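Make the full structure from the sequences, and use the hints.
Here the working numbering is used: the first residue of the sequence shown is 1, the next is one more, and so on.
Keep in mind that the hints were calculated from the coordinates and are not lab data.
Computed from a predicted structure; not experimentally measured.
Errors might be hidden in some of the hints.
Unchecked claim - Cβ pair distances, simulated, as ranges:
#, residue 1, residue 2, range
1, Ala192, Ser138, 43 to 53 Å
2, Gln103, Trp234, 50 to 60 Å
3, Tyr275, Phe370, 18 to 28 Å
4, Leu149, Val12, 16 to 26 Å
In this text, a Cβ means the ideal position worked out from N, Cα and C, and glycines have one as well.
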Amino acid sequence: MIAYILRRLLLVIPTLFGIMVINFALTQFVPGGPFDQIEARLEGNGDALDAVRGGGDPETGGEEGGTYVGARGLPPEFRAKLEVEFGFARFICPAGYEGTLTQQAQDCEKEMIGATERFFIMMGKFLRFDFGESYFRSASVMELIIEKLPVSITLGLWSTLIAYLISIPLGIRKAVRDGSRFDSWTSGIIIAAYAIPSLLVAVMLLVLFAGGSYWQIFPLRGLTSSNWAELSPWGKAADYLWHITLPVLASTISSFATLTLLTKNSFLDEIKKHYVMTARAKGLSEQRVLYGHVFRNAMLIVIAGFPALFISVFFGGSLIIETVYTLDGIGLLGYRAIVERDFPVVFGTLFAFGLMGLIVGIISDLMYVFIDPRIDFDRRG
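Structural data, given as structure tokens:
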């Protein structure tokens, strides 16, 4: 098992490197750039795309060497200073020169840094978990991730737990009553719920239960009330659950179908095996057969998939749900970073989440072995 884990850990490096190469290359073709965003803010426009009237250099994506349409209004020395701060250029100064960055912009020659060199400089820092500073926020990328991560983890963890608590009993019930009317109409309901986009569910819940057009039962946004600090511990818990109900419900509905049908099919496969017929022939009760023998084997694939399901809910629904309910989490941070062309935040979060997803894949395999020691990945390899 140790040899298998080492092989998987070694595969993380090229996989993560490939992810970063592809996404870094894609940004070179995206119109606009951080300078366009700065110009857009100076002119009072909404975002960088509003400032790109003629498009950037398609080979640089408005980053290096090209003509920034929005940056034409910036003073040359200020633009040169920003290019160095953002990592697109460097100042070549005489030996022993110790001027500030502003003085270097006046006295030194500027040299643009190519995309390939910038990529390897960035990856060298990422290997030390140095994700740099945000272009437009006075904080490091790591600080922003740590600050926003609890909101997204809360949303993903609650959604995954609720999905398991409902889907497993429902899947077992459907397996026991396979082909019945109950099985048919529950399948229709969960498949219909799976087909509804999370965005539509989130908006529909707001309209129905957050004062949109019908009832104002739950708050419209945020995770806590304005008087959170004044509440008692029980009051804080109740306030938190009151705020998290609609976001969790919106992110959980679509995950019911896959987990429920997976549980049902897993139980059906086990129920048809010989050891189940032998247990029944010995006179064991149906409950003893079902939960004493079938449950552990049938739940292998379901329980072992918990980390992967959590990550899928964490990544897949966080952006939509956090945006609709104004939850200041990782999804909303990443969306704003893309709009603002805040590349350190974009690549830093991408690297962190890519690494997290690959590690979770290894943890999922370890879960299989923990639940069923008969599984041997080394022998299979």
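Consistency of the hints with the structure:
1. Take alanine 192 and serine 138: their Cβ atoms lie about 47 Å apart, and the range 43 to 53 Å holds.
2. Distance hint check: the CB atoms of glutamine 103 and tryptophan 234 are about 59 Å apart, consistent with the given range 50 to 60 Å.
3. The hinted range of 18 to 28 Å is satisfied by tyrosine 275 and phenylalanine 370, whose Cβ atoms lie roughly 22 Å apart.
4. Remark: the range hint 16 to 26 Å for leucine 149 to valine 12 is upheld by a beta-carbon distance near 20 Å.
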